[in-house]
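Q: With the hints as a guide, bring both chains together as one complex.
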Amino acid sequence: MIRFEGVSKSYARKNAAALTDIDLSIDGGEFVFLVGASGSGKSTFLRLLLCEEKATSGKVIVNDKDVAKIRRWKVPAYRRQIGAVFQDFRLLPEKNVEQNVAFALEVIGEPRAKVKTAVADALEIVGLADLSQRRPGQLSGGEQQRVAIARAFVNKPPLIIADEPTGNLDPTTSLDIMRLLDRINRTGTTVIMATHDAAVVDQMRKRVVELDAGRMVRDQVRGVYGYAG
Amino acid sequence: MRRLMLALAEMWHGLRRNLTMTIAVILTVAISLTLFGTGLLVRAQVDAMKDYWYDRVEVSVFLCGKASDPKACPGGPVTDAQRAEIKAKIVALGPKVQDVYYESSQQAYDHFKQQFKNSPILNNVTADALPESFRVKLANPEDFAQVAAAVATSPGVEQVQDQRKLLEKFFKLLGGLQAIALGIAIAMLLVTVLLVVNTMRVAAYSRRNATGIMKLVGASNFYIRLPFVLEAVVAAGIGGLLAVGALAAEKVFLVDQILQPAFRFTAFVGWQAVVEVMIIVFLTGVILAGGAAWLTVRRYLRV
Ligand SMILES: Nc1ncnc2c1ncn2[C@@H]1O[C@H](COP(=O)(O)OP(=O)(O)OP(=O)(O)O)[C@@H](O)[C@H]1O
Ligand SMILES: [Mg+2]
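These protein sequence lines map, in sequence, to chains A and B.
To convert a position in the first sequence, counted from 1, into my numbering, add 862.
To convert a position in the second sequence, counted from 1, into my numbering, add 11.
Since the hints were derived computationally from the structure, they do not count as laboratory data.
Note that the coordinates shown come from a computational prediction; the quantities given were computed from them, not determined experimentally.
Idealized CB from N, CA, C, for every residue including glycine.
Check each hint, because a few of them may be wrong.
[To be verified] Residues of chain B placed beyond 10 Å of chain A at every Cβ, according to the derived structure: (1) Y120; (2) L201; (3) I235.
[What the hints assert, rightly or not] Some, not all, of what chain A presents toward chain B, calculated at C-beta under 8 Å: (4) W935; (5) P938; (6) A939; (7) R941; (8) R942; (9) A946; (10) R952; (11) L954; (12) E968; (13) V969; (14) I970; (15) R974.
Isolated chain B, as found in the complex (with noise of 0.2 Å):
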């Protein structure tokens, strides 16, 4: 115990010794951290967008309108009679199909209006330009080519979308930003420990003195290297409530106050995946630090 109070003194004297080294640790791992938890952030985020819009992945059988592609739909508008067969076709599925409505023309210019409300498209865009559509609710989203088959070439139907396929394309997107995140935020946490095995090699060289003296009088290897590994964890620790505090950040004015309001129609990450991600990020930051400098001890300040 007293051995420990006395490890602790000249870990807070060889801190403040070694400040420029110290500033320069922490703030490293708070930037590397921050980056880290970032990366890890969007991953969450994706997950939750994943989550919530997987649930609610639809076939749309888009039917012909005013607008649509003559070659789509060499008869013009959809008849009522086109409609009701089309509607049979994908009923006669049968258990494959969870759920089916129809959404008309204006029914989703409410709901383009509603997803749009802060975005000057809303102006270049009329009712009439929206196709009305059937939305199909698989049981199992993999079906998607059944459906396709049953109805892609009936009369009236001028487009089968999956949006699977279409959200598949944006997390992919999203995946590939993550990846650059993670590996920037990967060759940062390399810069940290290289950092700080640095710092703990010229500290264990400015303090040869100390340690040969204690070597000498037969201080044994852990009280000689528990000080420069304490100040290590305790440089990563502040560093590491840093990158924590930009997290929360993050959480609060980006996400909560910024994204979220402008992007109503999709789920943000929560403050459970935050506070995760806080606590991984914290335990890499520390973890990392406190071994590089306990191997970084272990090698120059031999017996």
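Just chain A, same shape as in the assembly (with noise of 0.2 Å):
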């Protein structure tokens, strides 16, 4: 599904590369852990699979298409089939739970109905059918990021991206996070996750990727987040 080919990005005012030559192939419905040190490189991998930046070589190539080659247009299309989940959340103070997640729907152009009964099976997938009214500012962390998730899922894309998902969550309701996104990569979804969650990493036992200064270190099947001994 997603393939790297020799993959480096260096930013404009950087002279050290932030990743470089990345080769990489996932499988739909993989559940990927990408780990390393800050400034390592972890979201600007992510960033590269959203289309926000452009590969300075090498190819990224998503569901046999070239993302570097889709026409500027045609990006927010291609967008639609990512969902992406951040640590800051990224949801929008003013609407409530409800409207947060109906949102990714109306702005893509669904119909109505199908907005209603899409954002309700969200947010019982989630658990939050009964604080749908309440607003992003009368939620917990551990409660915005499953708005957030059931937002990154309405549109049942294929591919959820999370960049450290758990970062501002306590461990209870990091695992709490975990346990619903593998949930949904059980749905056959498949879900790439930036971390420096050590705990949640050893826990889960999915296949790990490790980035050090933007060179691939490590891609352990059932990893864990050091090395193990």
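A: In structure tokens, the structure reads:
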């Protein structure tokens, strides 16, 4: 489903490359942890997938299409196949939970009836059906992240990208969020998650890809956060 | 359709959130468009006057009278024989002359009285001070020099005057005023564009969360930008309506109620010209603001 072929990325204002010569392939339905020290290039990796940045060299191929070659006006349509979740939740503070999730469908022009049922389903899955009228300010961090996941998932995209989704959460809440992502992954959705959270990675025992200063230094099936002895 | 409704709701939200900016845009648009429209109205006025006056311009052959300059009239007031001879010379110009008629001092005074009915100059003028004249209407007003050559040196002629020349000076003056008005208006329109650009920049920045999320979930560029452009267009539209109202007020209160009664001897802009100017002004405002907004958000809300 996803292939990185000799991908390097350097930002215009930086000398050192954020990513160097990444070769990697991820199949549909996989769950992949992206780990590495701060600044190792995890977010850059995800931004390339979201088509927010373009690779300096090499190819990022998603569903047999070179992401760099997508026409600018087709990028929105491409992004509809990807749900994205971030450390800072990125919810709209003046909309309630239901409206925040519905927003993802409304802006792409889905009919009202479909929005209603899809939002109800998504909130049911993340366990927030009871809180649907609350605003983000009235929710805990874990609940807010569930809303964000519901929004990423409401469109049933084949791929979900999560950039440190548990970064702001305590260990118990983090595990809840991980279980949720795992459940979504079991429905066949590919999940790629960048994280610093060793406990979470160790517990889940999924594929682990480690970056160090922009280079891929490990790709381990059923891996752990650090090198297991 | 549903997306349009949502975009409209978003627009309304944006307008209210940036109320001070919105008001600033509305007022700037209203003022600059009023100035712009006034400039255009002055031009329409000059055109109306040109039509009116050029249709009526004549070559005036002033005859010597009691009040004439002795240098031009060494022989004193014109005699009957001289008057007849001058008339014959004018008539001899043939088809170049469309019409010629005689205006006595008394008739000149009557005209003058009518034209300056409300003016105090009237008290200082007597019939004697106004010379008698032949009024020559030319088939082609450019032929003035030939009339002048035919009669200027005839005894009994004080002066041959081309009204066109006088009018041209006057219209040049009006043209200058109009150029200044339009210059200011264009500067103001530029200010309006800059204000819209800046407002949109601020709006794009203050709503970067919402637009960022829209991008993330795959909203099209058009849909993301539409509310911003609609905001600018609605604000400019309101400003444009204010300007249209101001122009209507100029026509009703300034032209129809003050100028028209005071200067009965000339034509003033009619409603048709005013409405044309209103349409031009309104469209200019809306298109400029919408275009400026579109280009700005295109730059600041890149994918
Ligand atoms: N927009 C940018 N412009 C210039 N340099 C950037 C930009 N974004 C990231 N970088 C640089 O690229 C490198 C990789 O950054 P990236 O954000 O991908 O790291 P990360 O692994 O996500 O780090 P963290 O764990 O702290 O989120 C860093 O050296 C960073 O300074
Ligand atoms: Mg990061």
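Q: Once the shortest beta carbon distance from R952/A to chain B is found, is it less than 8 Å?
A: holds, 6 Å
Q: Would you check whether I970/A satisfies its interface hint, that is, whether its CB is within less than 8 Å of any CB in chain B?
A: holds, 6 Å
Q: Holds or violated: V969/A as interface residue toward chain B, Cβ cutoff 8 Å?
A: V969/A check passes; min Cβ-Cβ to chain B is 4 Å, inside 8 Å.
Q: Would the stated hint for R942/A survive a check requiring a Cβ distance to chain B of less than 8 Å?
A: Where the cut-off is 8 Å and the nearest Cβ of chain B is about 4 Å from R942/A, the hint holds.
Q: Does the interface hint hold: is R974/A within less than 8 Å of chain B, judged Cβ to Cβ?
A: holds, 6 Å
Q: With chain B as the partner, please determine if A939/A meets the hint condition of a C-beta pair closer than 8 Å.
A: At about 7 Å, which falls below the 8 Å cut-off, the nearest Cβ of chain B leaves the hint on A939/A intact, so it holds.
Q: Would the non-interface assignment of L201/B survive a Cβ cutoff of 10 Å against chain A?
A: L201/B is indeed farther than 10 Å from all Cβ atoms of chain A, at 31 Å.
Q: Beyond 10 Å from every chain A Cβ: check whether that's true for I235/B.
A: Violated, since 8 Å does not exceed 10 Å.
Q: Under 8 Å is the threshold here; is the Cβ of L954/A close enough to any Cβ of chain B for the hint to stand?
A: holds, 6 Å
Q: Is the hint on R941/A kept, meaning its closest Cβ partner in chain B is under 8 Å away?
A: holds, 4 Å
Q: Closer than 8 Å between Cβ atoms is the bar; does A946/A clear it against chain B? Give me holds or violated.
A: holds, 5 Å
Q: Quick check on W935/A please, does its C-beta sit within 8 Å of some C-beta on chain B?
A: Hint holds; W935/A Cβ to chain B Cβ min 7 Å, cut 8 Å.
This entry does not satisfy hint 3, going by the numbered hints stated previously; all others are met.
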